[in-house]
Amino acid sequence: MTAPTGTTDNDSPATSGSETAADIAAPPDSPRSRVWRRLFGNPLALLSMIWVFLLVVAWIWPEVLATRDPLKGDPALQDLNLTPSREYWLGTDGLGRDYYSRVIFGAGFAFQSIAIALSIAIGIGVPVGLFSGWKGGRVDRVIMWCNDVLFSLPIVLLAFAVIMILEPSLVNAMIGVGIAMSTRFARLTRAVTLAEKEELYVDAARITGLSSSTILRRYIVPNLLPPLVVQFALISGAIILIGATLSFLGVGANLDDPDWGVMLSRSRTEFRRVGIWQIIPPGGALVFTILAFNLLGDAIRDSIGRDRSSNALTVSKRSSVKPSDRAHREGAALSVRTMDVEFPTQDGKPVQILSGVSLAVQPGETLGIVGESGSGKSMTALSALGLTPAPGQMTRGSVQLDGRDVTSLSEKEWQKIRGKDIGVIFQEPIAVLNPAIKVGRQIMEPLLLHTDMNKKQARERAIELLAEVKVPDPARRMDQYPHEFSGGMAQRVGIAMALACEPKLLIADEPTTALDVTVQGQILDLLMEIQEQRGTSIVIITHDLGVIAEVADRVIVMYAGQGVEGGLADDIFDRPKHPYTKALLESMPSGQHTDRLTVIPGMVPAPSDWPNGCRFAPRCQHATDLCRNEVPELEVIEAGVTIRCHHWQELQSPATEEVGTA
Amino acid sequence: MARYITFRVLATIPLLFAIAVLTFLISVGMESRGSIAIQICGDGATPECIADIENELGLNDPLPTRFVGWLGDVVRGDLGTSLANTDTDVTALIGERIWPTISIVAFSLLIGVTLGMGMGIVSAVRPGGPLDQSLSVIAGTVVAVPGFIIGMLLSWWLAVQWGWFDPTGYVSFGESVGGWLKSIALPGFALALPTVAIVQRQLRSSMANALQSRYVLAARARGVGRATLITRHALPNAMIPTITVIGFRAAAAIGLTVAVELVFGIRGMGELLITSIVRRDVTVLQGGMLVVGLAVALVNIVVDVSYGFLNPKVRLGS
Chain W
1 MTAPTGTTDN
11 DSPATSGSET
21 AADIAAPPDS
31 PRSRVWRRLF
41 GNPLALLSMI
51 WVFLLVVAWI
61 WPEVLATRDP
71 LKGDPALQDL
81 NLTPSREYWL
91 GTDGLGRDYY
101 SRVIFGAGFA
111 FQSIAIALSI
121 AIGIGVPVGL
131 FSGWKGGRVD
141 RVIMWCNDVL
151 FSLPIVLLAF
161 AVIMILEPSL
171 VNAMIGVGIA
181 MSTRFARLTR
191 AVTLAEKEEL
201 YVDAARITGL
211 SSSTILRRYI
221 VPNLLPPLVV
231 QFALISGAII
241 LIGATLSFLG
251 VGANLDDPDW
261 GVMLSRSRTE
271 FRRVGIWQII
281 PPGGALVFTI
291 LAFNLLGDAI
301 RDSIGRDRSS
311 NALTVSKRSS
321 VKPSDRAHRE
331 GAALSVRTMD
341 VEFPTQDGKP
351 VQILSGVSLA
361 VQPGETLGIV
371 GESGSGKSMT
381 ALSALGLTPA
391 PGQMTRGSVQ
401 LDGRDVTSLS
411 EKEWQKIRGK
421 DIGVIFQEPI
431 AVLNPAIKVG
441 RQIMEPLLLH
451 TDMNKKQARE
461 RAIELLAEVK
471 VPDPARRMDQ
481 YPHEFSGGMA
491 QRVGIAMALA
501 CEPKLLIADE
511 PTTALDVTVQ
521 GQILDLLMEI
531 QEQRGTSIVI
541 ITHDLGVIAE
551 VADRVIVMYA
561 GQGVEGGLAD
571 DIFDRPKHPY
581 TKALLESMPS
591 GQHTDRLTVI
601 PGMVPAPSDW
611 PNGCRFAPRC
621 QHATDLCRNE
631 VPELEVIEAG
641 VTIRCHHWQE
651 LQSPATEEVG
661 TA
Chain R
1 MARYITFRVL
11 ATIPLLFAIA
21 VLTFLISVGM
31 ESRGSIAIQI
41 CGDGATPECI
51 ADIENELGLN
61 DPLPTRFVGW
71 LGDVVRGDLG
81 TSLANTDTDV
91 TALIGERIWP
101 TISIVAFSLL
111 IGVTLGMGMG
121 IVSAVRPGGP
131 LDQSLSVIAG
141 TVVAVPGFII
151 GMLLSWWLAV
161 QWGWFDPTGY
171 VSFGESVGGW
181 LKSIALPGFA
191 LALPTVAIVQ
201 RQLRSSMANA
211 LQSRYVLAAR
221 ARGVGRATLI
231 TRHALPNAMI
241 PTITVIGFRA
251 AAAIGLTVAV
261 ELVFGIRGMG
271 ELLITSIVRR
281 DVTVLQGGML
291 VVGLAVALVN
301 IVVDVSYGFL
311 NPKVRLGS
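Protein sequences, first through last, are from chains W and R. All letters in the first sequence, in the order written, are residues 1 to 662 by my numbering. All letters in the second sequence, in the order written, are residues 1 to 318 by my numbering.
No wet-lab data here; the hints were simulated from the structure. Watch out, some of these pointers could steer you wrong.
Stated by the list, open to error - Distance windows between CB atoms, simulated: (1) R:Ser-32 / W:Arg-86: 51 to 59 Å; (2) W:Asp-148 / R:Ser-32: 24 to 32 Å; (3) R:Gln-133 / W:Ser-408: 26 to 34 Å; (4) W:Ala-195 / R:Glu-175: 19 to 27 Å; (5) R:Asn-85 / W:Asp-148: 35 to 43 Å; (6) R:Arg-267 / W:Pro-84: 30 to 38 Å; (7) R:Ile-301 / W:Leu-46: 38 to 46 Å; (8) W:Asp-256 / R:Val-9: 43 to 51 Å; (9) R:Leu-298 / W:Ser-486: 58 to 66 Å.
Quantities reported herein were computed from a predicted structural model and do not represent experimental measurements. All C-beta atoms, glycine included, are put in the ideal place defined by N, C-alpha and C.
Sequences are here, hints too, so could you generate the full structure?
Next comes the structure, spelled out in structure tokens:
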């Protein structure tokens, strides 16, 4: 019953690290105030806090709240088992005792149980976990093995053992429960300690000669507190549940005590004869209390954790897309016109993360999209494919695929296009492969979906594909799992999957970023080879101008959710027009300007902080008042050559450049 | 896979040994607080009686000798005789009481895991949707209700009020299959409902993680449809943490069935254990604990093997 408390949230390696759209769109806020606001903004958490507070009052001053003696019944009411009335708010039990007063006094037993079991559990579990995690190696393995043995046994059974050795009583039962629960705290503490031990700042502290106890106190314990607080609440609920079970079984609290479990045990023999009300007052008190602690634990965890209201299945709305006023490029394999993408925020005002993005790629051509992280490159690619992460939404624009308008296709229609007419290659090739499915089956998937091949044919074709992307020993590799592949080999598999149905268009999102430099070159060569053989159009997204220089025919430079400059790759490298493009080129280590390698000051601002005028103005050395106040429009100089800058013409000729910088 | 399963089965031997040590320590702990011999001889214990019993049980031998002797008996299936009722063989007693308990726990797990998985998947498909919200509220509430309270409520309405079931008692499988199912249905459901809630919550959460992963997005970009994304791509990965939780819950259910059996007046392992505590009958309690320990070890093996099926890294790694 306590099992899911620790496990529910510990399994998110897939999502951590890579920033999601929700992260991009979240408004800035201090983490602590956010935690409190989320906690108090949650009505269930608030109700739970009120209930626990009332219980605490009942525990400290039961006489004040109770109306009658919980132990002495009215002999006249013997065996009447009254239901609620003005006099007896919650009725009476078989001995004529007032249920309301007994329930009030029961709070004390509940808190006594928590106090004993929780202090034993933490007193043993946290030091054991700290020691085990800090020592590591064999000591850690032995301790954790013993811990797991105790952990795997039913808590009720461990309590039985302790009760047997000592004698039946609530305190002894709770000693047993405390020992059982200590294994939960030991596991948690060890996990946090192990993780923190690997952190660089802990290494640094160790090198500077800080003692182990100081490091534990200063670095590890503070990181332990948030998960511990969640566990306090959830385990408190579990302790009350088990305590009540043991009392119900007659091996916990004394038979005369006004303990909820004991009251239920008495009702057990009576309810079939006198009615179900007999279990409601103590049962209700028990359930509400467990519920309150569970809800509090969940609420604290949610207020610390990330938002998970959307996932890769949540289809973004495409109903209210405003049309674009720009004409599509003739004959383009993919043409996107003035695309806006917005994300809703908590304060109701949506944040635009793409503003008027346009691009076009001709058959057999390679288009590079370049920009710093946060510029909206990947969002552009996903949105062009109808994969805008929900709750994000395309609000304006038009997308054409090989002359066909695909702007507001349904998910079903998109399914027929994706994988067949468009292949996508992602970054982090290993994360993109499903760890539970054989690589071969994943390559066969698009073939089985989009062609009428049977399994055998698809398998043969998949082996051919692996050979085409130069995976050695392809037949054997088919039956392996992704964890048996290196990053470079996994990316070849990713390319094979994208190529399976011979799409006319490939979209490669940072295909080489996670790979070694030598492997990067091989992957790019492979892409170029494929393009030569098949005449595929490629859109390649990267932050690396080196990649662009190597493969792209045309380039679009993106900044803060907008395209700022577009044109032929050679022109952009030789005669960049936009100050941002120039700055990017200057920050390139092996670029044309080797003599003055510079860094662009600052970074791309978050979408909610984008300036009103030109978005690059705050970082631009040529910015004027015009730039700060007026939004520059995208100027189309000729087909495929664009610029978004108020001053590009003045900056173009050397003479005016001097004036501009003066 | 065969190698992996053999390895997992062998790995439970130390676990069983540790459980045996813990169980043995109960009698050691009890003796440190008063001799078992005095208890057996009763109130008018004569020194001769005590000396006889101590000799008979070997209580004066050094602890390791006693443990080895005891363990040897246990391994041969001899759990000794009841202290409270000296002509009763503990192994035979447990053999009689274990079937109702196994029936209830197995039935509850079958129902609980099936329903819980179904509800978890339904919730994960549209997180935050009306169906997910209502299922989550139900699961969140049910998790907080002890099985024995659910048992009393079910017994009141379905047995006492509507008369669909017998309020108490157990019918063995051999007597009547229908009667057996009917007699374990209510206790089974009482124990299953919290399991449903636990499985639903865990699967919902791990499905949410799996559905936010890059590999699901990538599969969607290959044109994979919704149903396949959920069942083939996300579910196997989401099941890995869920299996672990199901294992924990199975162990917990084995312990908590005691209280549910009591509600339905079923004379299973629960009643046996509780009576042994009240009578201070340590051999019966030890026998019961060993059997429960064995059950937990079996659950562990099942969990490990399913884990191996789902996670190629585990299967191929060891």
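Evaluation of the provided hints:
1. R:Ser-32 / W:Arg-86: 51 to 59 Å: Holds: the Cβ-Cβ distance is about 55 Å, inside 51 to 59 Å.
2. W:Asp-148 / R:Ser-32: 24 to 32 Å: holds, 27 Å
3. R:Gln-133 / W:Ser-408: 26 to 34 Å: Holds, at about 29 Å.
4. W:Ala-195 / R:Glu-175: 19 to 27 Å: violated, 56 Å
5. R:Asn-85 / W:Asp-148: 35 to 43 Å: holds, 36 Å
6. R:Arg-267 / W:Pro-84: 30 to 38 Å: Because 36 Å falls inside the window, the suggested range holds.
7. R:Ile-301 / W:Leu-46: 38 to 46 Å: holds, 45 Å
8. W:Asp-256 / R:Val-9: 43 to 51 Å: holds, 49 Å
9. R:Leu-298 / W:Ser-486: 58 to 66 Å: violated, 39 Å
In this structure, the earlier hints numbered 4 and 9 are contradicted, and the remaining ones agree with it.
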